[in-house]
Amino acid sequence: MEVEVARSAGRVSGQRGSLRVNRILRLDWLGAAFGVALVFVLLSVLSPYFLTSDNILTILVQTAVVAILAGGQTFVILTAQIDLATAAVAALAGAVVGMLMVHAGLNPYVGIALSLAIGGVVGLFNGVLVALARLPAFIVTLAGLSLWRGLGLQLTSGYDSSPMPDVIGFLGRGDVGPIPVPVLIMLGFYGAMAVILRQTKLGRYFYAIGSNEDAARLAGIRVRPYKVAAFLISGLSSGLAGIVLIGRLDSSGGTIAQGLELDAIAAVVLGGTSLFGGRGSIWGSLLGAVLMATIRNGMDLLQISPFLQLVTLGLVILLAVGLDVLRVRRFVWV
Amino acid sequence: MTASLLEAHGIGKHFGGVAAADGVDFHINQHEHVALVGDNGAGKSTLVKILTGAILPDSGEIWFDGQRRHFTTPLDARRVGIETVYQNLALADHLDVAANLFLGREDCRIRLGPFSLLAHDRMRRKAGELLAQTGVKIPDLREPLQNLSGGQRQSIAIARAVGWGSKLIIMDEPTAALGVQETAHVEQIIRNLKNQGMAVLIVSHNLRQVFDLCDTIWVMRRGRIAGHREKRSVSAENIVRLITGADAVA
Numbered sequence: 001m002e003v004e005v006a007r008s009a010g011r012v013s014g015q016r017g018s019l020r021v022n023r024i025l026r027l028d029w030l031g032a033a034f035g036v037a038l039v040f041v042l043l044s045v046l047s048p049y050f051l052t053s054d055n056i057l058t059i060l061v062q063t064a065v066v067a068i069l070a071g072g073q074t075f076v077i078l079t080a081q082i083d084l085a086t087a088a089v090a091a092l093a094g095a096v097v098g099m100l101m102v103h104a105g106l107n108p109y110v111g112i113a114l115s116l117a118i119g120g121v122v123g124l125f126n127g128v129l130v131a132l133a134r135l136p137a138f139i140v141t142l143a144g145l146s147l148w149r150g151l152g153l154q155l156t157s158g159y160d161s162s163p164m165p166d167v168i169g170f171l172g173r174g175d176v177g178p179i180p181v182p183v184l185i186m187l188g189f190y191g192a193m194a195v196i197l198r199q200t201k202l203g204r205y206f207y208a209i210g211s212n213e214d215a216a217r218l219a220g221i222r223v224r225p226y227k228v229a230a231f232l233i234s235g236l237s238s239g240l241a242g243i244v245l246i247g248r249l250d251s252s253g254g255t256i257a258q259g260l261e262l263d264a265i266a267a268v269v270l271g272g273t274s275l276f277g278g279r280g281s282i283w284g285s286l287l288g289a290v291l292m293a294t295i296r297n298g299m300d301l302l303q304i305s306p307f308l309q310l311v312t313l314g315l316v317i318l319l320a321v322g323l324d325v326l327r328v329r330r331f332v333w334v
Numbered sequence: 001m002t003a004s005l006l007e008a009h010g011i012g013k014h015f016g017g018v019a020a021a022d023g024v025d026f027h028i029n030q031h032e033h034v035a036l037v038g039d040n041g042a043g044k045s046t047l048v049k050i051l052t053g054a055i056l057p058d059s060g061e062i063w064f065d066g067q068r069r070h071f072t073t074p075l076d077a078r079r080v081g082i083e084t085v086y087q088n089l090a091l092a093d094h095l096d097v098a099a100n101l102f103l104g105r106e107d108c109r110i111r112l113g114p115f116s117l118l119a120h121d122r123m124r125r126k127a128g129e130l131l132a133q134t135g136v137k138i139p140d141l142r143e144p145l146q147n148l149s150g151g152q153r154q155s156i157a158i159a160r161a162v163g164w165g166s167k168l169i170i171m172d173e174p175t176a177a178l179g180v181q182e183t184a185h186v187e188q189i190i191r192n193l194k195n196q197g198m199a200v201l202i203v204s205h206n207l208r209q210v211f212d213l214c215d216t217i218w219v220m221r222r223g224r225i226a227g228h229r230e231k232r233s234v235s236a237e238n239i240v241r242l243i244t245g246a247d248a249v250a
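Heads up: the protein sequence lines correspond to chains A and B, in order.
Once you know that position 279 of the first sequence is 279 in the working numbering, the rest is easy, because the numbers rise by one and skip nothing.
Once you know that position 78 of the second sequence is 78 in the working numbering, the rest is easy, because the numbers rise by one and skip nothing.
In short, the hints are calculated from the structure, not lab data.
Don't take every hint at face value.
[Claimed, not checked] Some chain B residues well away from chain A (every beta-carbon gap over 12 Å; in silico): (1) S59; (2) P74; (3) R222; (4) R229; (5) S235.
[Unchecked claim] To be clear about the criterion: a stretch of chain A counts as covered by chain B if any three or more of its residues have a C-beta under 8 Å from a C-beta of chain B, and this derived list gives those stretches: (6) 194-201; (7) 205-215; (8) 314-322.
These figures come from a predicted structure and were not determined experimentally.
The C-beta atom is built at its ideal place from N, Cα and C for all residues, glycine as well.
In isolation and in its complexed conformation, chain B is listed as follows:
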């Protein structure tokens, strides 16, 4: 049995009378690529937001990397090694590639609070290494992001998440806004993460992608975990039955 990286026990969250998460037990092992699937409104986003500190659960415990954690902001989660790649791409379009990769974590030559002098060359060099390591190809690191394609921008967002000693990367619909070729490119980058031993949680509607990229598939339905299956031992049809609740009825 591999060591567990993240464990969530009995997570509950109510919005008014609606239980968005109800007694959710969930776990991710070291190096594991996990998919979270379910219908719209099944509670996937709520669970992800709780795991990343964006919202506070009403009940339940989160353990990460062997310790009980209480995340109150996304920065808390990031500090212990949980990075999120946001669906709406949290990038600054006017800044260049290197500046975005280092945003909020600038490398400085001299530290003087806000007047700290930026180490431009060092950051650019490290940015190049980071992109190479993640398999992202950008011809010019000084290019502002607004001149790059959607796939390149998503790749940069992923590379940024990888770069900071993170242990788990959470991606919400990583290819939803991309064309066929760009989707293939971003999927290749996610596959590279597997080879590097990075744990990944992907929220996706695309079952083809889920089977392609993940080891384990978790299904949520009406705020509860409907089940989790090893990819090897399950068919797409089984997953669809879990999503729609056909198994429960039968």
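One chain only, chain A, in its complex shape:
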């Protein structure tokens, strides 16, 4: 619908006013913002406990890990690929680093660096298999889903480690003034990603490659290193998410972050980024993650059964993907 309106606005364009309206309607994250607003109004009416600062901060804390995974995923999806292994990589990094910190006395700052390094190396590995060896991203990262989580469990012999060092606990559960630290990490991460995506050549090329890979190549862009870079960024995000998660749980192990890869992909798609590549925005992914967490939180407050919650979230994802496909199809038919 947005596209329809944007197009008819385009026809009568020429005046500044309609250009501005056109530009606003063209924003990819508009749908997600509308969704968040709608759910907020609805839940404020339905539950007296929803619109309180405590509850809003809880939602944001619950958003943080998925949002960080979704941020990295956005780069991969923008280049028309997919990374199914993000949560498994977060589990591998979190499990290994947590064990080393608890049982081997690893310095927590070194632990943070190691977690990012593990994520980065796995991201490079995925990127090289996809971009250089030309294996389908879906298959490489589907294998990774099992591979990296299995490796995390094997290296820790399936045992959880706790408690986490204070530094890590601070990152997952601490506060700066009234704001929880994981929320600050999330916002800082998104700020950095937004600069990369909107202001740098790197970001511009991710869009170009996702939009038309042949055009990018003919324009002299070396496509393969940029595809690898997208997976590298996703891997680094997983490493960061792993640290925040073990801090919040105050415990690490190979079973953490189960199923979050799908939440992250759903957040990206809800945020208006096209699974077909080339179109989308990083802030949309944040809104998508907030939307998912808000719907979960609201259903908890309304005491909806966890089974129905799963059904509802599934339907929401279906709706988002359906809208994406419709948008792309309309474009093809024009």
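Once you have looked at the hints, place chain B on chain A.
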């Protein structure tokens, strides 16, 4: 005699047992608008691909701008000033007009490799100037290309080719996918290039267009040059005879 811009001598290319180009001699002068015509399979595309570096010839020499050239990729050809407007429109549909005009040659405020900061405003301003200079009218430079018409998109592809100090623009069937009005618009843009002194090579099946836009018409037949004629001194009928080989038989 005007100075020559591009010269190709004895170009040959075989695909298996088929000679797609066989001893082709071809040249384009400075500022000249040249048409390359011929039946399907006559070797036009092969010759164009050799001139733009998309394929390597088996034999022959290419001279461009006074020097012997060896193109191994389209980027080599572009670097010396040969720009190609592709038939399938090598544009990124989700990016806006300015981003497409600068794709692969972004203007940056600070250079930090891949982290170079884009100079959005400067690129948008230059994009506006470039389009104005080429005679392309686009109301909003932030419009993603997918919302524009085929003619506007083709015009942008041409403007992009013009913008980079290029000396020769090669267009393969520039209006094949366009309606009547849009074709007229794109032809006007090509005419503007003539006034700017830009050399153009057009591959086209449309003889009306060829006579309208070009100074010289080259005809290929079965991988060879069947002849080249000044537009002023030749009729469409003569060209058709060259294309079909009727002259050779007679």
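Where does the structure disagree with the numbered hints, that is, which hint numbers, in rising order?
Structure breaks hints 2 and 8.
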